[in-house]
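S.K.: Chain residues, written in single-letter form:
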Amino acid sequence: MPAVSKGDGMRGLAVFISDIRNCKSKEAEIKRINKELANIRSKFKGDKALDGYSKKKYVCKLLFIFLLGHDIDFGHMEAVNLLSSNKYTEKQIDSMDSVKQSAALCLLRLYKASPDLVPMGEWTARVVHLLNDQHMGVVTAAVSLITCLCKKNPDDFKTCISLAVSRLSRIVSSASTDLQDYTYYFVPAPWLSVKLLRLLQCYPPPEDAAVKGRLVECLETVLNKAQEPPKSKKVQHSNAKNAILFETISLIIHYDSEPNLLVRACNQLGQFLQHRETNLRYLALESMCTLASSEFSHEAVKTHIDTVINALKTERDVSVRQRAADLLYAMCDRSNAKQIVSEMLRYLETADYAIREEIVLKVAILAEKYAVDYSWYVDTILNLIRIAGDYVSEEVWYRVLQIVTNRDDVQGYAAKTVFEALQAPACHENMVKVGGYILGEFGNLIAGDPRSSPPVQFSLLHSKFHLCSVATRALLLSTYIKFINLFPETKATIQAVLRAGSQLRNADVELQQRAVEYLTLSSVASTDVLATVLEEMPPFPERESSILAKLKRKKGPGAGSALDDGRRDPSSNDINGGVEPTPSTVSTPSPSADLLGLRAAPPPAAPPASAGAGNLLVDVFDGPAAQPSLGPTPEEAFLSPGPEDIGPPIPEADELLNKFVCKNNGVLFENQLLQIGVKSEFRQNLGRMYLFYGNKTSVQFQNFSPTVVHPGDLQTQLAVQTKRVAAQVDGGAQVQQVLNIECLRDFLTPPLLSVRFRYGGAPQALTLKLPVTINKFFQPTEMAAQDFFQRWKQLSLPQQEAQKIFKANHPMDAEVTKAKLLGFGSALLDNVDPNPENFVGAGIIQTKALQVGCLLRLEPNAQAQMYRLTLRTSKEPVSRHLCELLAQQF
Amino acid sequence: MQFMLLFSRQGKLRLQKWYVPLSDKEKKKITRELVQTVLARKPKMCSFLEWRDLKIVYKRYASLYFCCAIEDQDNELITLEIIHRYVELLDKYFGSVCELDIIFNFEKAYFILDEFLLGGEVQETSKKNVLKAIEQADLLQEVSYLFSSLGTSMFCSCWGSLSHHSYSFRNYSEACLACSVHPFAVY
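So the protein sequences, as listed, match chains F and W.
If you read the first sequence in the numbering used here, its first letter stands for residue 56, the second for the next number, and so on.
If you read the second sequence in the numbering used here, its first letter stands for residue 165, the second for the next number, and so on.
Hints were generated in silico from the structure; no laboratory data involved.
Don't take every hint at face value.
[Stated by the list, open to error] Estimated spans, in silico, between C-beta atoms of each pair:
(1) F:GLY767 to W:LEU179: 42 to 48 Å
(2) F:VAL525 to W:LYS208: 46 to 52 Å
(3) W:LEU179 to F:LYS288: 28 to 34 Å
(4) F:ASN77 to W:LEU179: 39 to 45 Å
(5) F:GLN730 to W:LYS206: 50 to 56 Å
[Claimed, not checked] Among chain W residues calculated to face chain F with C-beta under 8 Å, some are:
(6) GLN200
(7) LYS208
(8) SER211
(9) LEU244
(10) LEU282
(11) GLN287
(12) LYS292
(13) LEU303
Note that the Cβ used here is the ideal one computed from N, Cα and C, for glycine as well.
Input sequences plus hints: build the corresponding full structure.
M.R.: Written as structure tokens, this is what we have:
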């Protein structure tokens with residue numbers, strides 16, 4: 056009943072109150088009150104049972120009388136009676152439960168906002184115990200909280216597994232009416248069930264056999280129930296039931312250890328693929344995608360290929376079609392690749408614009424990965440360009456060039472096919488790029504055929520030239536110079552093209568430069584030199600497909616299961632190489648920057664194989680002006696950087712460095728491959744650091760070389776002497792490296808530690824900041840308050856002081872702060888600051904060249920959760936630098 | 165859940181509840197984008213869509229769209245039923261609810277949602293318990309309205325500050341700024 060309409064029921068109270076207000080005298084008021092009290096008394100004592108509403112009304116009146124300052128002894132009694140009546144008691148219990156519920160969710164919110172604020176420890180047991188609560192609402196709220204907390208401390212909450220299983224088991228096996236108000240359309244506690252299943256997905260399968268047995272029983276019961284006829288025709292019933300079913304399947308997939316359950320799950324989803332509810336078809340496709348990556352169910356998923364292809368063709372909803380395309384991608388293997396690729400190509404013609412690029416990437420990956428004969432691969436990619444040229448990214452067409460370059464069995468076919476494709480009256484610019492590059496490299500393989508003789512090839516390409524963008528025209532110019540080498544008979548024609556004013560005086564500097572250089576090269580260089588400079592491109596080094604990397608980026612981390620291919624196809628050794636996933640680690644070479652280096656527009660015509668090609672060209676032109684055009688050759692871009700040229704520090708390098716400002720030992724860095732531990736000690740201006748490199752894999756690291764680099768002026772400020780370490784690090788082994796450090800003078804930036812090695816053939820590179828900061832050379836100095844203030848005043852020039860006011864990032868604990876300040880290196884001076892909450896410190900930074908005296912003061916403001924930090928030293932940059940370093944710590 | 169939006173077929177926003185901190189500008193942008201996307205979809209289409217890195221679950225009830233954004237690992241179907249349970253709660257409270265009820269009593273719609281979901285998580289799935297909580301809250305509101313409508317400010321119920329004021333209700337003319345607890349709470 057809408058409570059808003061109840062207002063009139065309280066009219067009695069309103070009338071009473073206005074009566075009182077209208078009383079002219081105290082006596083009249085008392086009289087009116089007595090009358091009302093008699094009335095209420097008779098109501099309460101009467102035989103007729105009062106409804107809850109009247110009771111409330113009379114209590115209101117009593118309260119009002121009480122507030123007027125009248126004696127209401129009897130009213131108290133009645134109120135107590137009321138409160139102890141069943142209904143009120145029930146209410147009170149309810150409200151206590153709802154406090155627990157709200158508190159649990161409130162804690163969750165707090166935790167999400169600021170995890171450090173919620174100290175677990177003692178709370179853990181109490182929170183887990185909530186799973187036993189009698190009130191279902193409390194359990195529901197508690198599961199949400201635990202699911203979030205356990206992600207950070209899985210071990211602390213481990214006890215929740217068995218509780219969750221038994222709770223789940225009780226719900227799953229209960230009759231549809233057992234849970235009263237918590238049954239939703241004949242489904243017992245669907246929200247709680249889903250949440251419990253979700254919680255279990257934070258953990259591996261239960262270790263305890265009994266718990267596991269009980270859980271498997273639950274999962275089977277859910278799967279069995281899916282086969283039972285529905286208890287209601289309402290969509291709410293089926294949704295709630297299937298919500299549990301899908302969450303159950305997610306858990307089965309998460310465990311990935313029960314072949315029987317996985318296959319049953321797959322069959323269940325198979326039924327949904329043809330369900331009349333669009334929502335179920337969508338979810339079934341989505342869920343099957345993850346099933347496809349399990350070795351136990353991959354084959355079972357494959358049996359549904361026709362249904363999925365049909366969905367791709369007939370679904371009216373684009374988001375469902377996309378799910379179907381995802382699933383086809385996930386279920387693809389060598390046995391069905393041709394069918395799936397051709398279906399996806401067909402789909403591409405009508406696909407929603409928003410998803411075309413993704414489909415293109417997927418087709419390109421599948422075609423490469425499962426190509427048995429490479430002519431099929433070339434056809435597929437050219438089809439891609441034809442159908443969806445705009446959506447074919449650089450990565451895709453770079454990749455086809457790489458593959459054609461590396462496989463001589465397909466080069467002739469590729470040349471022939473692109474030649475044919477270019478004959479279409481309107482062809483996509485990407486086709487011109489691929490065609491231009493391939494003909495420039497392998498046009499000679501089809502030159503024997505009079506229909507594709509050199510002049511025909513040239514005029515075909517040149518007919519597209521004027522319609523193309525600058526980048527493509529630059530590429531075509533390189534093709535032309537290659538033609539001069541491949542087909543001397545075209546030399547005159549091509550030189551005429553290069554010499555034309557539109558090239559030699561082109562407004563675009565890149566085109567102009569290429570035209571000038573190529574023209575001169577073709578006229579000055581002898582045939583031999585020309586042949587050396589314009590030799591065929593050498594094979595590209597194999598590594599992770601840049602297309603795959605792009606798809607991963609598009610999808611974000613943990614995307615599509617088909618990417619984690621490792622276990623799916625263990626028997627087939629990957630003849631196609633290249634696409635095996637490199638363990639995503641340190642630095643994957645950026646695929647966009649380096650593939651062919653075309654974007655930076657270095658002429659592909661300058662092949663790296665000809666040693667000295669660069670020198671040669673410089674000689675030819677005899678002037679420094681020509682030099683920039685050489686740019687990075689394609690080869691250089693591929694190679695790992697030279698010893699002096701290390702990459703930038705990883706993005707988290709600063710954060711890692713900050714961890715070590717106030718401590719000397721710990722783990723500096725860790726990923727799936729490598730752990731780097733640090734132990735260090737410092738005395739005066741000297742330090743010694745031990746770095747421990749642990750190989751976390753079972754495979755040997757090769758060419759392992761950690762080096763320390765001093766960027767900028769650091770060389771003159773800090774001397775770091777490193778000992779060499781062994782070039783091989785066995786799987787599971789740890790090597791130690793000793794660094795001797797001497798601080799020569801004050802410095803602001805830490806040295807860089809660059810670690811390079813090969814893992815499974817793939818080069819890995821990692822640059823970190825070495826945890827050597829200027830405060831490491833601090834010597835604590837004790838002094839009395841008087842001395843402190845005297846020195847403080849001496850350092851009163853504005854540039855000697857640095858100050859920062861900042862928000863606390865950690866709980867403001869005085870003991871922790873003390874420890875940090877001591878770790879920072881200064882002495883802590885008691886009884887200096889009149890405010891005992893504040894911290895005052897002093898120390899001297901020791902360097903070989905000079906000493907820097909340093910005073911600091913830290914004022915916490917607990918109420919505002921802020922700090923003010925003031926540093927005074929005799930050197931301005933040191934003040935600022937120390938202030939910044941220290942401010943990061945609180 | 166990250167947020168819930170209710171909007172009409174004409175694209176008018178009727179209720180918004182955000183469980184993640186976002187700037188007003190960002191909220192407006194998201195709302196505009198989602199309203200457009202959802203309204204463009206045909207009936208019989210799937211109720212779920214991927215949007216940015218979230219999943220959108222929506223359903224239309226008469227002239228009103230209910231639209232929730234959930235995270236990757238959240239369950240779509242159960243979210244649909246969260247929407248339905250909320251609609252049931254509104255329906256029970258208002259008595260065959262329609263868009264106008266939500267327009268004119270939007271604060272009630274928010275109260276009901278807050279009893280049902282807290283911080284984006286389901287707090288209480290029992291219809292009875294949610295409505296009971298709302299009834300109690302309504303009663304509180306009514307009584308305070310009643311007292312204040314008599315021309316006297318609501319008295320202070322935090323006993324601590326009562327010493328500042330006369331004990332008599334009638335003479336009490338200032339609102340106590342220290343608290344807003346219902347008078348019943350003192351018992």
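S.K.: All hints, please: hold or fail.
M.R.: Right, here's what the structure says about each hint:
1. Between GLY767 of chain F and LEU179 of chain W the C-beta distance comes to about 57 Å, which lies outside the given range of 42 to 48 Å.
2. The hint said 46 to 52 Å for the Cβ distance between VAL525 of chain F and LYS208 of chain W, and at roughly 48 Å that hint holds.
3. Look at LEU179 of chain W against LYS288 of chain F: about 30 Å separates their beta carbons, and that is inside 28 to 34 Å.
4. Here the CB-CB span from ASN77 of chain F to LEU179 of chain W is close to 43 Å, well matched to the stated 39 to 45 Å.
5. For the hinted restraint 50 to 56 Å between GLN730 of chain F and LYS206 of chain W, the CB-CB distance of approximately 54 Å keeps it satisfied.
6. Interface restraint check for GLN200 of chain W: the shortest CB-CB distance to chain F comes to about 14 Å, outside 8 Å, so the restraint is violated.
7. A least Cβ separation of about 6 Å between LYS208 of chain W and chain F falls short of the 8 Å threshold, and the interface hint therefore holds.
8. Taking 8 Å as the C-beta cut-off, the interface hint given for SER211 of chain W holds, the closest approach to chain F being about 5 Å.
9. For LEU244 of chain W, the suggested interface contact is upheld, since its CB lies about 5 Å from the closest CB of chain F, less than 8 Å.
10. With 8 Å as the threshold, the beta carbon of LEU282 of chain W comes within range of chain F, its nearest partner Cβ sitting at about 4 Å, so the hint holds.
11. A distance limit of 8 Å between C-beta atoms decides the matter here; for GLN287 of chain W the minimum to chain F is near 5 Å, and the interface restraint holds.
12. Of the supplied interface hints, the one on LYS292 of chain W holds, with its beta-carbon coming within about 5 Å of a beta-carbon of chain F, less than 8 Å.
13. Taking 8 Å as the C-beta cut-off, the interface hint given for LEU303 of chain W holds, the closest approach to chain F being about 7 Å.
In this structure, the hints that do not hold are numbers 1 and 6, in rising order.
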